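Residue numbers (my numbering), protein chains in the order written: chain A, 1 to 362; chain B, 363 to 558; chain C, 559 to 1100; chain D, 1101 to 1529.
Keep in mind the hints are simulated off the structure, nothing from the lab.
Predicted, not measured: the structure shown is a model, and the values here were computed from it.
Where hints are given, some of them may not hold.
[What the hints assert, rightly or not] Over 10 Å on every C-beta distance to chain C, these chain D residues come out as not near it, computed from the model: (1) K1102; (2) S1113; (3) P1136; (4) Y1191; (5) D1246; (6) D1252; (7) R1373; (8) E1437; (9) Q1441; (10) C1442; (11) G1450; (12) K1454; (13) A1467; (14) I1484.
[As the list claims (entries may be wrong)] Rough simulated footprint, nothing fancy, chain D against chain C, three-plus residues with beta-carbon under 8 Å: (15) 645–653; (16) 734–742; (17) 972–984; (18) 1010–1017.
A virtual CB, placed ideally from N, CA and C, is assigned to each residue, including glycine.
These are the residues of each chain, in order.
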Amino acid sequence: MNAVLYWTSTIAKSAYILVFPLTLAFFLAWAERKQSAVMQDRIGANRAKFLGRPFLGLVHMVCDAVKMFVKEDFVPDSGHRVLHTLAPFLAMFFALITFAVIPFGYQLTIAGETIGLQVADLNVGILFIFAMASLGVYGMVLAGWSSNNNYALLGGIRASAQMISYEICIGMTIIGAILALGTLSMQDLVIRQGYHYFGWLPRWGVLLQPLGFLLFFIAGIAETKRVPFDMPEGESEIIGFNLEYSSMKFAMFLFTDFIETVLIAAVTVTLFFGGWQIPWLFESGFVWPWGGGWEIHPNVVNILRMAAFAAKVTFFCWLMMAIRWTLPRFRYDQLMDLGWKWLLPLSLANIVVTALVVLLVN
Amino acid sequence: MAVQNIIKVAARRREATLGFWERVYIFEVVRGLWITTEHFVGNLYYHILKLFGIIKVHPLTPTIQYPEEQRTLAPRLRTLHRLVRREDGSPRCVACMMCETVCPALCIKIVAAEGDKPQIEKRPKSFDIDMGRCIFCGYCVEACPEDAIRMDTGILDIAAYSREGMVLDIDTLLSLQPAQRRTDKEVDELQRRLLQ
Amino acid sequence: MGSATVKLTIDGREVEVPSGTRVIEAAKKLGIEIPHYCYHPALSIAGSCRMCLVEIEKFPKPAISCHTVAADGMVVHTDSGVAKQARAAMLEFLLANHPLDCPICDQAGECKLQQYYMTVGQYDSALLDNKVKKSKAKIIGPHVMLDSERCILCSRCVRFTDEISKSHELGIFNRGDHSELSNYPGMSLDNPYSGNVVDICPVGALTDRDFRFKVRVWYLDSAPSICHGCARGCNIRVDYLTRRLHHNDGKRIARFKPRFNPEVNGHWICDAGRYSYKTLEDEDRLYNPRVTDGNGDNPGWNAITGRIADALSSHISEYGVGSVAVIASASMTNEEMWAARQLFYDGLKIEKIAWRIPPGPDDIDDDLLIRADKNANTFGAEQIFGPMTHAADVQQVLDKIAEGKIKAWIVLDRDLSPAFGEEKIRKLTGGLKFSLYAGSHLHATSRSCRFLLPTAVFTEKEGTITNFSGRVQYFPLVVPPLGDALPMLEALSRLSAALKLEPISTDPGAVFTALAGDIAHFKGTSYAELIKRWAPISKIPS
Amino acid sequence: MKLVSRNFATPDSHKLAVYEQSGGYARIRKALEMEPQKIIDEVITSNLRGLGGAGFPAGRKWSFLPKGNPKPRYLVVNADEGEPGTCKDKYIMTYDPHLLLEGIMIASWAINSHTCFIYIRGEYVKQARILEEAIAEAKAAGYLGDKIFGKDFPLEVIVHRGAGAYICGEETSLLNSLEGQRGWPRLKPPFPAVEGYLACPTIVNNVETISYVPWVIELGGQKFAELGSERNGGLRLYSVSGCVNKPGVYELPMGTPLREIIFEHAGGLPEGRTLKAVIPGGSSAPVLTAAEIDIPMDFDSLAKAGSMLGSAGIIVFDDSVNLVEALAVLIRFYAHESCGQCTPCREGTGWMRKIIARVLDGGGRPADPDNLLRIANNIIGRSICPLGEAASLPVIGFVTKFRAEFEEYIATSRKVDAPATTSRMAAAL
């Protein structure tokens, strides 16, 4: 492969995969306000105006950004300066790095060269995600601990307990998916969901692993630390690990939440909803199940697929947001009960059943 | 022990009222989501209609655009205090300290002085209300034997850049005016809105 | 005359009282308070308010209990329907022309009209007509303001000026419902006891001009104390503020009121004593330790006691202990005097401790309360310093300073300038090698001293004082000392520690025990017993 | 039969010579021969009542003087005739001052008093002068002074003029006034007979009572008693005023029926008028209706009828009189004369005056009659002296007996927006 093209494409892909979740996260912060308002028969953010227009409340996001930048960056006197500063970076870093292995499309052919639409096609991509997501908890714990504040520390401890509990469940459900699809590579996972049962039913993971999807999605929401699983933060009353944060460091934690939302949505899509796959769309174009087809240029097909991926991710972001504004928060004991007594046994059962089915089918 | 038993019993009773499918919760989650989604979709529809000027009023949201659009206040709503004047313009207050005594938030501070006119024996030299502490209970109005303090200015947005700024002095309190009297029609309209 | 005591029944309870006792007093003995306005145990009986009407069996109509003499076998009902109805009717009459002045009336909160209105009053007014207008806010004396509309014409004040102060300034003029209390033309209520009419006025007709509009009485707390104005040691009640200090010009002590003690002052105090509270928190108070020749900074107690100890030790070693004199105030407590004696006589061997200053020419004993001696504890000083000092008279010390024999003095809470003249004191102290003042106020004497230690005034400490007749009286701490001031006992104790002498206890009780073991007059008296001897406080004067 | 009023028509009857011509100063000479106790006994037998209004038997009052008290005793003659409707003492003092002096001498001898005060109301200027002249005459004749009638019994009579306060007709406030103090009633006990003028035993008697004493001596107690009715001895002066043809002072026996006094002696009512109400004994006596006038005029009968004989000042109202306005005058008088010492009388009378003034002014309310009754009842029995009762009893009498008239007055004269003062009566109040 042409080295120039290689580096250019890699940088472009990296840029895309950085910009995509960040942009989405930015809009999620807006959607959080606006969607909740619409769901609750309110109007939502519309006070901040640019040129006399509220632009659907988007001006607020700009104002927020300005505010976050200009606020005092505060470190408690008795806090650990280095760790206190490091914590939000860690949290954000591990959230972002996982996107490297997420395939946001299949491939593009430019100047005869084929470019896979994935930053790093690791053969153990799914494990990479799992590993990185697990490391993200350090951000929370360090933030809580380095603040030297009882409430922040308790928040951090709650965060770590919650992360560990639900990561186990995530791991177990992923195993189910891997068993069903038979690969660890993210791209392969998606490709293997491109087939159709009976010639028309897309063979998406959710069909193979309905329970696995449910468990993964629940555990995934728990991973994002958002309502109804927002014990680590509980900003309105119980106060969380980010208590002693202000300014951009606080904003980074805030952003991490949204990035994780995008991440969980992306992984869910990849594992269970066919990633960038569009039903009946093949490399050369649509092939309708009832016969006939529609020929499309492969690059156009792949751009459509990228769009499909983005749309799917956006949908799941919307769904998570809807759940966040629909359900009340769990109690801590309920959270632990759910994680250990229900999700874990169910996911174990899921593995066993999947393994049996796979064994029998093969 | 006893308390724990009570909690247990209460928990048992609460569980007893939930059926199995309700306790599974996931279906209830879906039901909840369905409701919120209904609202979401419906509102989105009207928002879009309004955005393109097809309708003027959004029929579902009760939101009032606060600073521009003021809600009609109930006639007896307790709002920012004011001191009432006599016909000759001097304060009605005689510094009897009834309001200061009855105030549960200890936000009123009065200093009395000898009256400046022969027919006024006692007057307030200073009369400070710390709006930062006031809880709008209205006891001061109830306690006043001279009808000298009222909470009828209709002013609710009380803000200042400092704690000291929240303390209103006698001149400010005397300069406040009662809110415009509502017409009967306005009151009817208000009641209809509140009853909806 | 029959037997010495009579037995009567009041509200079903039997009580035995000396013959000649009035029914109201007999009821008081049973703990039954019959409402009354004009009756006052220390004054003659007027019987005009008719509030104390009670039903007495075999009497044709209700009788006033303040005038009816208890008789054997009398059956009195203070709470029967007849008595209650009569009382309610009388209160209605009293209120018929009483203005609705409570909001601006200083008596509100300790007013007997309010009090009885709440218990026996008729709440629905039947009065439709205008009230009689009379003069309001009329100044009738240097301390007293009269509001005739509020007056219920109980004539207590008139009887007070006739019978107690014997100055006859007040009278009642006009007739019927236009009757009006006033001072006689050309007379002003300016006798030395005029403030007492405010205390005995059951309503807000006579109010204190000094207390006027300062603070509402329900914000005040009360503590018993002893007046330090003269050698009488009148028992007083200190009314003070702890919160809401925007009232009363930001001062804590609001007023002194007499406290009934039949053995000392009865129901009364003099005006000088009543208004002596003003000096307690005035702007001349000394708040911080000071060194006047230094740069005016506040060295703090530890540093200044060290410096004083150094200066005093070097002075004694240079000029000898004979060149040092102590001038003590005869208003200090017994305990402080004992501590001063321990420190200066036993510890430093100073033999010149002076306290005696003869009364001024205007100071004379009167036949009621006022004593010529304006020191609260001269008797105690005689007992404690008397036997050991070589110079009891301050004049002696001043003479010796003029001669140059005394080169240092320690003044304890005493301003010498009123008695000896400001110029003289300044000149004499100017020539001293060492001068220390420990006291509560800044004045000519303290200003000319080199070291100043702030001490507490009497409401800010506890202790005992001995009045002119040798009666030892305890007074408690009312409010904490202002600024860095400390009670004299503690100041002396710190000085003693700095001088590395035998320690002095800061507990007045312990000091008094030591004192009682040594001085004959105090033998057999215990501090706990003195505390018990407080007369009770009553917020509303009887 | 005329005793006290015998000389009223005689020219110059106030002169000593004229008095002596008609047998004056004979009874004192007779009395000086008698033991003082004998005189007191005679007066007790005579049933001579206190004719100032209270009706307390005079002899018994005299016998209350404590024995063995070394302090001097005083006789005080109450000539402070202030009761509206009464003018009898004035006639005695104007036309027969020596009869009064003779009575004083007998009474002083009987109670062993050497000083007598005649407390005369300030308005009786002429009478005071006549008395002073009579005393001077008697002194010149040796009837008064260090030795009266040559006997070793000094007696001084001092005329003391009051300042015109009604309350000083009450004996204890009279004594206060006499002492130079404010005319406020004193608390009783002690009664004046025990502690009176300057805390000495003092007898206070009305002019009329003292004036009858010589006749008791002349006629003898028993015979004097027989002139009147049971327990009301002798005669007395009835002052009749109001709506009669011949108002005036009539001396008639105790117990003469009221109807007889009005219609026979006082000449009845003017032509065409009918009787509406009568006040039988001075303004403080409860009013009698026209149906109640068949009543013997003595202390006990009237008390039984719920009224009182008092000073026997009979005031007659016919149908032309509005009783609301009549009561207003009375209340105004008492409110003005209340001394202001004790609460119920001071505030109650003033309050009643305000209510009645408002009623006259057209501002009356239906509750006012009841309120007047309530106030009056609250005053009765709770005041220091009888003035409270004197003010309340007529109110109770008028309002209960003529309630319909009050209600009608309130209903018809009611103004919605009454100007400050319209009625002449209200202006006067």
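Hint check results:
1. Every C-beta of chain C lies more than 10 Å from that of K1102/D, the closest at about 39 Å, which supports listing it as non-interface.
2. Interface exclusion of S1113/D from chain C stands, the closest Cβ pair being 37 Å apart, more than 10 Å.
3. No Cβ of chain C approaches the Cβ of P1136/D within 10 Å, the least distance being about 28 Å, so the stated non-interface status holds.
4. For Y1191/D, the requirement that its beta carbon stay farther than 10 Å from each beta carbon of chain C is met, with the minimum near 28 Å.
5. At roughly 37 Å from the closest C-beta of chain C, the C-beta of D1246/D stays outside 10 Å, upholding its exclusion from the interface.
6. At roughly 36 Å from the closest C-beta of chain C, the C-beta of D1252/D stays outside 10 Å, upholding its exclusion from the interface.
7. Every Cβ of chain C is farther than 10 Å from the Cβ of R1373/D; the closest lies at roughly 35 Å, confirming the non-interface assignment.
8. Annotated as non-interface, E1437/D brings its C-beta within 10 Å of a C-beta of chain C; the closest such distance is 7 Å.
9. Listed as outside the interface, Q1441/D is inconsistent with that label: its C-beta sits roughly 5 Å from the nearest C-beta of chain C, within the 10 Å cut-off.
10. With a least beta-carbon separation of about 5 Å from chain C, C1442/D fails to lie farther than 10 Å from that chain, contradicting its non-interface assignment.
11. The claim that G1450/D lies off the interface is violated: its Cβ sits roughly 3 Å from the closest Cβ of chain C, which falls inside the 10 Å cut-off.
12. Distance check for K1454/D against chain C: the nearest CB is about 4 Å away, which does not clear 10 Å, and the non-interface claim fails.
13. Some Cβ of chain C comes within 10 Å of the Cβ of A1467/D; the nearest lies about 8 Å off, and the non-interface call is violated.
14. At the 10 Å boundary, the C-beta of I1484/D falls inside the reach of chain C, the nearest C-beta of that chain being 6 Å off.
15. Only residues whose C-beta sits within less than 8 Å of a C-beta in chain D count toward coverage, and the stretch 645–653 of chain C has 5 of them, enough to reach three; the restraint holds.
16. With 4 residues bearing a CB less than 8 Å from a CB of chain D, the stretch 734–742 of chain C meets the requirement of three and the coverage assertion stands.
17. As drawn, the stretch 972–984 of chain C meets chain D at 0 residues by the rule of a beta-carbon pair under 8 Å; below three, the given contact is violated.
18. Under the rule that three or more residues need a Cβ within less than 8 Å of chain D, the assignment of the stretch 1010–1017 of chain C is violated, with 0 such residues.
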